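Novice: Keeping their order, the protein sequence lines are chains P and B.
Per our numbering, residue 1 is the first one in the first sequence, and the count goes up by one each step.
Per our numbering, residue 1001 is the first one in the second sequence, and the count goes up by one each step.
It cannot be assumed that every hint is accurate.
Covered stretches of chain P (chain B as the covering partner; in silico rule of three or more C-beta atoms under 8 Å from a C-beta of chain B) [claimed, not checked]: (1) 173 to 184; (2) 378 to 389.
Non-contacting residues of chain P with respect to chain B, defined by C-beta distances greater than 12 Å in every case (computed) [unchecked claim]: (3) R99; (4) K113; (5) D221; (6) T224; (7) E234; (8) S260; (9) D287; (10) I392; (11) G405.
Hint data in this document are derived by calculation from the structure and do not stem from the laboratory.
All values reported here derive from a predicted model rather than from experimental measurement.
In this text, a Cβ means the ideal position worked out from N, Cα and C, and glycines have one as well.
So the chains spell out like this:
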Amino acid sequence: MFDALSNRLQDVFQSLRGEVRLTPETTERVLREIRVALIEADVNLQVVKAFVDRVRDRASAQDVQASLSPDQQVVKIVRDELLALFGDARGGLSTGGARPKVILMLGLQGSGKTTTTGKLARMLAKQGKFPLVVSTDVRRPAAIEQLTVVAGKAGVRVFDPPGDLDPVSRARGALVEARNTGCDVVIVDTAGRLHIDDELMGELVAIKDVAKPSDLLYVADAMTGQDAIRSAGEFNRQVGVTGVVLSKIDGDSRGGAALSVVSVVGVPIAFVGAGERLEDLDAFHADRFVSRLLGMGDVLSLIEKAEEVVDSSTAASLEEKIRKNTFSLADFRDQLRTIRKMGPLEHIMKLLPGMGQLKELGAQKPDEKQLRRVEAIINSMTPEEREHAEVIDGSRRKRIARGSGTSVEDVNRLLKQYDEMRKMLKMVGQMTGEAVPEAPRKKKKKGPFSLMR
Amino acid sequence: MGLLDRLTRGLARTAERLAQRFDDIVGRADAPGRETAALDVDTVEALEELLLGADVGLGATSRLIEGVTKRPRTGTGLRAALTEEIRDIFAGVTAPPVQPATPPRVVLIVGVNGTGKTTTVGKLANRFRLDGQKTLICAADTFRAAAVDQLQVWATRAGVDIVRANEGSDAAAVVFDALTAAKARGVDTVLIDTAGRLHTRVNLMAELEKIRRITAREVPGAPHEVLLVLDATVGQNGLVQAREFAAAAGVSGVVLTKLDGTAKGGIAVAIAHDLSLPIRFVGVGEGIDDLLPFDAGAYADALFRPSW
Ligand SMILES: Nc1nc2c(ncn2[C@@H]2O[C@H](COP(=O)(O)OP(=O)(O)OP(=O)(O)O)[C@@H](O)[C@H]2O)c(=O)[nH]1
Ligand SMILES: Nc1nc2c(ncn2[C@@H]2O[C@H](COP(=O)(O)OP(=O)(O)OP(=O)(O)O)[C@@H](O)[C@H]2O)c(=O)[nH]1
Ligand SMILES: [Mg+2]
Ligand SMILES: [Mg+2]
């Protein structure tokens, strides 16, 4: 979703290559681009201003960074400042507190509260909790039915006293019910409302007063524009917000609203919603989010996703390989296999480095058949070839093509792509490891999967 | 104190400051003796911020500002000049909706998740019925939980018939059923509610194309109107949405919802300019009557009227 922003920043950084010192003129040029990029990404103007000023301050006091080249310095400052904005908090839910734990969902109309209630309930149930969900939305047609259906899919209990159309009493009843039935978490879904609707904001405060939630999750649509700070700010001021859920990040919005909301509310992003299915609720990690914002691709998120499918030791070793840049063709194949197990490809591919070009690839997105072909090619290699791709010469390529029922061009393309992916991974490894970040390279015109056309 | 804390405190105050900005800008630019002078840098910059703050976007903003600065300053005022510029954009795209020679007229409602499609279908159905048209609603969102129940409530409120299928059934099949029923019952207008979908979901966009094809096959010239429902809070992604839905579903107009909030939906200006798509209606609340025909002058006014 941050493709365009990352591309733009990459272009800026690219234009800085070769310059030896970060002059004030250069800084201003970069800052102009960053300002434009952030505005296009829907970051609120005031937030952009504050951010740019901050980067300017830092850039002018950069003697400590004398060992870095200008572009490295800017990457580092922009990255550090973005990290500062998102804070160090890890997101998720609060820990400890009263039992049952009460979570209150709030936000504008249509932002994704009811869906997120279902997602969260499912997640908690999977962690061994016993959630009870309750809808206090007595206004939107079929809102209560919607939550009932969603809870059914999540396999969690719903509290729905027939005939009770008072939001406050429904919330109160759910708490009593939870205590009586041994449920340890209550998630209270609320009707969508405008931050300027005094009556309904008052209702929300009344619900909060009886439910006494430990977690007040503001659900914000990732596609929101400049208004994000006003709505989030008012919900926070009038009701209080302890965490933000950024929904609909599976689209291609650049998600600048995340920056705006977090800036105004001053709390971390607790979760992100990445699809309509109940399993599409992910943890938020500021460092990875920022890497993604800067166009690094989010290999680490991919690894995390993979953990649900493959065991964690495999994932850890993959991470290790990425850090050490010993990512072999066999790993490449394993990763493809994992991807196939992980479901919707469009979704997963967004997490891979270089996927900023997904749009450019357009119709050339790989399908199952193409993935199988790549797998066949790698399967036809000897273990040595898989670990040390550089030994694969012309005659080996012919043999591999024959063995896998593909052409030499297919094999060539795969090897080239593997090589590009490895270079990108190396970069990511350095950005996320202890090492001083290396300058980002100009992104290749092809993503790791463009071989499969 | 961290950066975040400082920002948070600062932002709380910006809303108030913004509220006065446009009046201040206009007041200064149109002050006695200055009303024919060229606009200075500060004024232009302030205008720019105002438009960007309304989600108009960089492209459309610079075009609007260029238009305003090129206009001779005749003393009619800055507000009038900017309003004119915006009206001009919408004036260029007011193609009226297609009216079929023989009924039914088929109206397809599309958009990303949660923008207000189903609610708009309810409001439109009511409007059409009040206009004396025999109206039928088709519940083609077979995906989202309780979407059909939600639409059923709206159909009842609007007092119109609905053709529905069970959750999980094929959307295109329901559309076929609805069109068959419409022809048999002598319906004037069929309103098709579709599931929210992100334009990046290739298979879901293909489903829309399929729905379109079926309507065209069953009713000559259909769909006669394809309305993209756009949430006024949307940022720059709104333009991408419009472009993608136009490509896949042949969008012919926009409904801008949730204008009763503080967001201005300024991206609709860029959509009108870049894609020649008119705004047909605006949604101003959750009630059945909260749908108004679009009026470019009123919209331009509202764009510069602080609503917070
Ligand atoms: N693509 C995508 N769609 C989502 C996501 N979260 C929610 N949605 C969709 O967004 C739409 C609105 O979601 P709801 O959960 O009904 O939103 P809500 O905030 O409860 O809406 P109101 O109760 O009317 O205020 C539905 O179509 C959901 O399927 C997400 O992370 N990704
Ligand atoms: N304030 C306000 N709320 C609106 C308006 N139009 C719709 N809504 C609300 O927005 C939320 C979503 O509306 P829906 O009609 O369910 O949206 P949808 O596009 O059909 O959603 P999906 O089918 O899930 O994609 C509901 O809570 C509506 O009541 C409007 O003009 N103003
Ligand atoms: Mg809801
Ligand atoms: Mg709907």
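Novice: Okay, which hints does this one fail, numbers in order?
Specialist: 1, 2, 4, 5, 6, 7, 8
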